[in-house]
Amino acid sequence: MSEHNLQNQSPSTPSDPLWEGTPKEVAEAAPAETTRRGFLFKLALGLNGLVGAVLAAPIVGFLVGPATKKDEEINSWVKLGTLADFPVGKTRFAQYVNPVVSPSDGETAKIACWVRRVTEDSFQVFAVNCAHLGCPVRWFEQSRLFLCPCHGGAYYEDGSRASGPPIRGLFEYKYRTLNGAVEILAGQLPTFATEACNRTPSRPASSEDNPLRVLQNSDVNDGRDA
Amino acid sequence: MIDLKKLGKDAVEWIELRTGLIRQAEEMADHPTPSSSASWWYVFGSGAMVLLTLQLVTGVLLAMVYSPSASNAWASLQFINHNLPLGWFLRALHGWGSDFMIAIVLIHMVQVFLFGAYKFPRELTWVVGVVLLLLTLAMAFTGQVLRFDTDAYWGIGIGASINSSIPLIGKPLVRLMLGGPIIGGGTLSRFFALHVFVIPGTLLAMVGLHLLMVLRLGINEWPMPGRIVRRSNYQKDYATLTRKTGVPFAPNAAWKDVVFASAMILSVMACAFFFGPFGPSGTPDPTIIQTVPHPDFFFLWIYAVLAFLPPELEIPAILAAPVLIILPLVLLPFYAGQGQKHWSKRPVAILVVTLIAVTLGTFTHLGLHSPWSPVMDAWSAAPIPAKAVENRTPLERRGAMVFQEKQCRNCHAVGGIGGRRGPDLDAIATRMTEDQMVRQVLQGGGNMPAYGKALNPSETLALTRYLRTLRGNNLMPAANPTEGVQPINGTHSSGQ
Numbered sequence: 000m001s002e003h004n005l006q007n008q009s010p011s012t013p014s015d016p017l018w019e020g021t022p023k024e025v026a027e028a029a030p031a032e033t034t035r036r037g038f039l040f041k042l043a044l045g046l047n048g049l050v051g052a053v054l055a056a057p058i059v060g061f062l063v064g065p066a067t068k069k070d071e072e073i074n075s076w077v078k079l080g081t082l083a084d085f086p087v088g089k090t091r092f093a094q095y096v097n098p099v100v101s102p103s104d105g106e107t108a109k110i111a112c113w114v115r116r117v118t119e120d121s122f123q124v125f126a127v128n129c130a131h132l133g134c135p136v137r138w139f140e141q142s143r144l145f146l147c148p149c150h151g152g153a154y155y156e157d158g159s160r161a162s163g164p165p166i167r168g169l170f171e172y173k174y175r176t177l178n179g180a181v182e183i184l185a186g187q188l189p190t191f192a193t194e195a196c197n198r199t200p201s202r203p204a205s206s207e208d209n210p211l212r213v214l215q216n217s218d219v220n221d222g223r224d225a
Numbered sequence: 000m001i002d003l004k005k006l007g008k009d010a011v012e013w014i015e016l017r018t019g020l021i022r023q024a025e026e027m028a029d030h031p032t033p034s035s036s037a038s039w040w041y042v043f044g045s046g047a048m049v050l051l052t053l054q055l056v057t058g059v060l061l062a063m064v065y066s067p068s069a070s071n072a073w074a075s076l077q078f079i080n081h082n083l084p085l086g087w088f089l090r091a092l093h094g095w096g097s098d099f100m101i102a103i104v105l106i107h108m109v110q111v112f113l114f115g116a117y118k119f120p121r122e123l124t125w126v127v128g129v130v131l132l133l134l135t136l137a138m139a140f141t142g143q144v145l146r147f148d149t150d151a152y153w154g155i156g157i158g159a160s161i162n163s164s165i166p167l168i169g170k171p172l173v174r175l176m177l178g179g180p181i182i183g184g185g186t187l188s189r190f191f192a193l194h195v196f197v198i199p200g201t202l203l204a205m206v207g208l209h210l211l212m213v214l215r216l217g218i219n220e221w222p223m224p225g226r227i228v229r230r231s232n233y234q235k236d237y238a239t240l241t242r243k244t245g246v247p248f249a250p251n252a253a254w255k256d257v258v259f260a261s262a263m264i265l266s267v268m269a270c271a272f273f274f275g276p277f278g279p280s281g282t283p284d285p286t287i288i289q290t291v292p293h294p295d296f297f298f299l300w301i302y303a304v305l306a307f308l309p310p311e312l313e314i315p316a317i318l319a320a321p322v323l324i325i326l327p328l329v330l331l332p333f334y335a336g337q338g339q340k341h342w343s344k345r346p347v348a349i350l351v352v353t354l355i356a357v358t359l360g361t362f363t364h365l366g367l368h369s370p371w372s373p374v375m376d377a378w379s380a381a382p383i384p385a386k387a388v389e390n391r392t393p394l395e396r397r398g399a400m401v402f403q404e405k406q407c408r409n410c411h412a413v414g415g416i417g418g419r420r421g422p423d424l425d426a427i428a429t430r431m432t433e434d435q436m437v438r439q440v441l442q443g444g445g446n447m448p449a450y451g452k453a454l455n456p457s458e459t460l461a462l463t464r465y466l467r468t469l470r471g472n473n474l475m476p477a478a479n480p481t482e483g484v485q486p487i488n489g490t491h492s493s494g495q
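Protein chains in written order, with numbering that gives the first Met the number 0: chain A, 0 to 225; chain B, 0 to 495.
Please keep in mind that the hints were generated in silico from the structure rather than gathered at the bench.
All figures in this text were calculated on a predicted structure; none of them were measured in a lab.
Don't take each hint at face value.
[What the hints assert, rightly or not] Cut-off 25 Å, straight-line C-alpha distance, at most; resulting in silico cross-link-like pairs (DSS-like, lysine-lysine):
(1) A:Lys-68 to A:Lys-78
(2) A:Lys-69 to B:Lys-170
(3) B:Lys-452 to A:Lys-89
(4) A:Lys-173 to A:Lys-68
(5) A:Lys-68 to B:Lys-170
(6) A:Lys-78 to A:Lys-109
(7) B:Lys-170 to A:Lys-173
(8) A:Lys-173 to A:Lys-89
(9) B:Lys-255 to B:Lys-243
(10) B:Lys-235 to B:Lys-344
(11) A:Lys-89 to A:Lys-78
(12) A:Lys-69 to A:Lys-173
(13) A:Lys-109 to A:Lys-173
(14) A:Lys-109 to B:Lys-452
(15) A:Lys-69 to A:Lys-109
Isolated chain B (complex conformation) (with noise of 0.2 Å):
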């Protein structure tokens, strides 16, 4: 009779004496973590782990399919999406994987700037932090570029026009962004390498950096208001710490890590099974130009706020942003690097925190509904409601489809239908007199374009004595103050 147990304790000992690598790992799973860090706030770190790995499965086999030629991803996507079996689930995986991964690296990456973890000696895991945080989002843009379809190829060209901003470099910067000359077979590929190998490679090599210094430096310890991190003490007050409380991190920790793995996991699925995969949406040809290019949910925040800056501030913002967004993250521990580690003592940092979620909310809520697009078929799919239109005389009739005919519907709504770039006409004529609105219409201004030479006199007769009928709820009408009124004829005084 063999002794199994025997043979496989003979057979760890066989590998452990040629690559050191089972003992490593028992000391990696052993290393002593300050119980009080044992926490479920300090799962985020190693669910972005799990989810990477989720990306990495899934990203591989869908790599088997794929073909990265322009001519032919589209339909390979298709293929996969109806034609494997299970292709759509390992698409939405991969989608909803990637969505997770992002929310789950900045989840951690406020929880470790909350927790003051980012102080000394921990400054360079956190700036490796940030690298991994920078190429989570390239790996997000990469990879939808090679989800291509109508939004991949604008979105392409919205990269690009960016980059063309940029004095002297921005030629040769786009046609190596591009590949060539024009958005083609090119770039398809080289975003494919880019998102396949390049991206990787490196998020692999910075992950293995940022776990060593954890293992390193230890697990970060639960900040206690009023306790300070200073160079000379620190490392000797973290050894007491360890040593005093210290537990195992696996199972002590670990447990939660797991449990909290599982959970995500079971969610992507969830998200995957209900909601599917991401598009395609049509076919990546630029001669179809009734689209309304979008980025995905992480980049709205940008294109919102691309469509909010004065024209011109846009070049220098697009030049000054990556440095005033990244390089305060880079240098934040070397300026916060010691003091105060729990957030009841920092209340900038918790401002700081706010203001940028909020920033970035609104930014990504504006960008979801991006009022400052013109609706497109507004002027032929939304008619003029009933209501806006009864008891009218011919001639305002005729101005209510002066307004639809001439795509005034496309930038403004009334009743709640159209589109918003401009303001809702419901109530124009109680803040506009006839006079201001011809003036309006015939020469534009305030982001408004002039409509001069698109309507002739009788259209622009017709059209404004309509807009003079909206007056919301039988608001009263905007007037002239000096309009109609007679002035007092004054009479030479005959008096002494």
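Okay, chain A solo, but in the shape it has when bound (with noise of 0.2 Å):
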């Protein structure tokens, strides 16, 4: 710190001892306009500036890193299990380890799912976590009902909501079945900003899925017309 800089400090401190006997007063600043060393300052400080913005780059990439990957570089199939494994009209509970991991992962790097073999050839993979707010959703097999211990969020069987807080279905993933074998794609924690565009109906609308079929007066006329 040059001399001049201290000097300035020390009329905040009048009675310090350190002061005792230096001048008070400091020489008038330079006049407002541009001197040599004034210009040469800006000039630094406009530098550093540049470097700093320089720094900033790898700084903030690393920071926002995990942000600007596209979900093309996260998402992989992901073997679930054998054909075998899932009976037809069963919804059975399945793990796999995500695709993508890191060396301190431990077992968050296993996820959980729900596979419930529609029909010998259709499947449905639900995420485990609710569409709410992404508690754990258990199957009940007697009540064909998945039950969050949360805020109570319900799914039908099929995915559907069925009551409590959540505003749409479950999540769910998108399978492929390759070689006798049941394959998602996954690698992200399920929630409403990456599945989003995957939204599963509200309640299906066809009749032979819903056992309580609304009567709608077109039906009733095709059954008098018929």
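Grab the two chains, each in its own frame, and use the hints to assemble them into the complex.
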């Protein structure tokens, strides 16, 4: 620190023993118009700003790195089991190791999901995370419902919303069967943001899925005309 | 013979010449305080600072052993609890210290609000105080994550779900929060960095600023009804008051702070000793789904609010809540920076505090009991009381079994046992006719799922026949007023 700066501090602590006897008055600051020193200082500040910006790029890049990855870089096909593991008409608990892991993940790399085999060759694979706030839903075979322990969200066996706070059905993974194995496209925590486009219908409209088909006027007309 | 006293004095002077700190500290301790402010009501700010110090010391000690890695964190907590001498006590001190700190910060805030201390010229002190409250809550939330157990894992999931509902930036925000695509190693280590470096650093800097302003502006005088704060003359009045009644902060006011600090630290130690550390509960294994995640005490009210919000209001509420809660706190001193300080002249202030306290208390109480959560094992763990199956026909008893097997008990209590998500069914037959029950069971509605697919006709019949017997203390069954009523057959009058 230059002597000039040190002396600038002294008036703020006038009775400080360190400054006893030193001149209280400081030379008038340089006039406002540009001096060589002032210009050089501004130039140095500008240079510093530039270096700061260059330095900020990798720092910010490192910080937001996880946020900028594309879905295609994260998601990949993961095998859940063989066809024989999933009997037709049943909903089974399955787990897999996330395709994207870090060395310190430990058991958090294991992810659970619910696999429903609807027919011989059609499946539904539901995220275990409730579509409300992500708590783990449990399947109840007897009442054919998924129930969430947190706020009581309930879903029917096809994942559609039954009751409670969720505004949509369970999140569904894309699946495929390959060489007798069931695979899903997985890699990230299923949340509203990642799965919103994969919206499941809130209640199936087709009559074969719905045990309580609501009679429509058109139905009645059809019957009469036939 | 060396003169120790002189040696000490010389040393102090040596340091003072080079740092100037001792004199500043003396001036701080001596700063004049209105004698009315040397009160037991003014101990909470320093109390919060003492607790912060406790948290720093215990936190640093825990960080020496804790492993901020998702694969080892849980085991390192168990190690601290069970293998390290007094490890459990350190964890308990840190956990209880955190609860005490939030409580004291809240009490401090209420006291400052009711005493009008946020008014001119202490507006910025209040705003920094609001930031300190938010930072304290941020410490509590990140700390709950570092206790990396089942609750922490699903707690992060709840946080991620809330963030994910923000339009457009939801997805990058979730990944930024998690440090990756899933809750994993990257998540824990960044919460560790926040809890141990970023937030405490900011917190300490803000506490420094807060204190600096308290010293510069003086401790708020005891409010008097009718004494009006005006920008034009407040400082003159305060200076006069301090000159007339001023006492040095230490010892006249400080002794109460010191006594309170001791009592508080002793209370934290007592809680830590008698109640022990918080968790960890089960391992943070996402495939163990037999869990009922619960947030820590001071976040229970949010958990409860999220259960009661109508689905269509939830996302707007999540987006608006931070603004609606924080903005009024920040704007308060600018809106009400002058005028009456005394609570007896500010009925709205008292009403607001009462309303907020009752609201938060009610939601916290509900959060503790979470009646909206189904009791996931009631169907297998809670038998139907014998009294509720006595003297029933075989069909009705079969219905009781259906009632049990189909998990109805998870949401409906009988004899006081079972879930409370739906209504108790002890007297259901006094409220609904059998036809209404059939409709409700099969079609659902009013927050009940439809069981049309899960029940066959004979099960439905047995179930509703059983439900028909649940008439409380043998009350009158509900009836359709037109049922069984024979129409009166009018005959053609043959009269004239």
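Evaluated hints:
{"no.": "1", "hint": "A:Lys-68 to A:Lys-78", "in the structure": "holds (23 Å)"}
{"no.": "2", "hint": "A:Lys-69 to B:Lys-170", "in the structure": "holds (10 Å)"}
{"no.": "3", "hint": "B:Lys-452 to A:Lys-89", "in the structure": "holds (14 Å)"}
{"no.": "4", "hint": "A:Lys-173 to A:Lys-68", "in the structure": "holds (20 Å)"}
{"no.": "5", "hint": "A:Lys-68 to B:Lys-170", "in the structure": "holds (10 Å)"}
{"no.": "6", "hint": "A:Lys-78 to A:Lys-109", "in the structure": "holds (13 Å)"}
{"no.": "7", "hint": "B:Lys-170 to A:Lys-173", "in the structure": "holds (19 Å)"}
{"no.": "8", "hint": "A:Lys-173 to A:Lys-89", "in the structure": "holds (18 Å)"}
{"no.": "9", "hint": "B:Lys-255 to B:Lys-243", "in the structure": "holds (22 Å)"}
{"no.": "10", "hint": "B:Lys-235 to B:Lys-344", "in the structure": "holds (23 Å)"}
{"no.": "11", "hint": "A:Lys-89 to A:Lys-78", "in the structure": "holds (18 Å)"}
{"no.": "12", "hint": "A:Lys-69 to A:Lys-173", "in the structure": "holds (17 Å)"}
{"no.": "13", "hint": "A:Lys-109 to A:Lys-173", "in the structure": "holds (18 Å)"}
{"no.": "14", "hint": "A:Lys-109 to B:Lys-452", "in the structure": "violated (33 Å)"}
{"no.": "15", "hint": "A:Lys-69 to A:Lys-109", "in the structure": "holds (22 Å)"}
The structure is inconsistent with hint 14 alone, although it conforms to all the rest.
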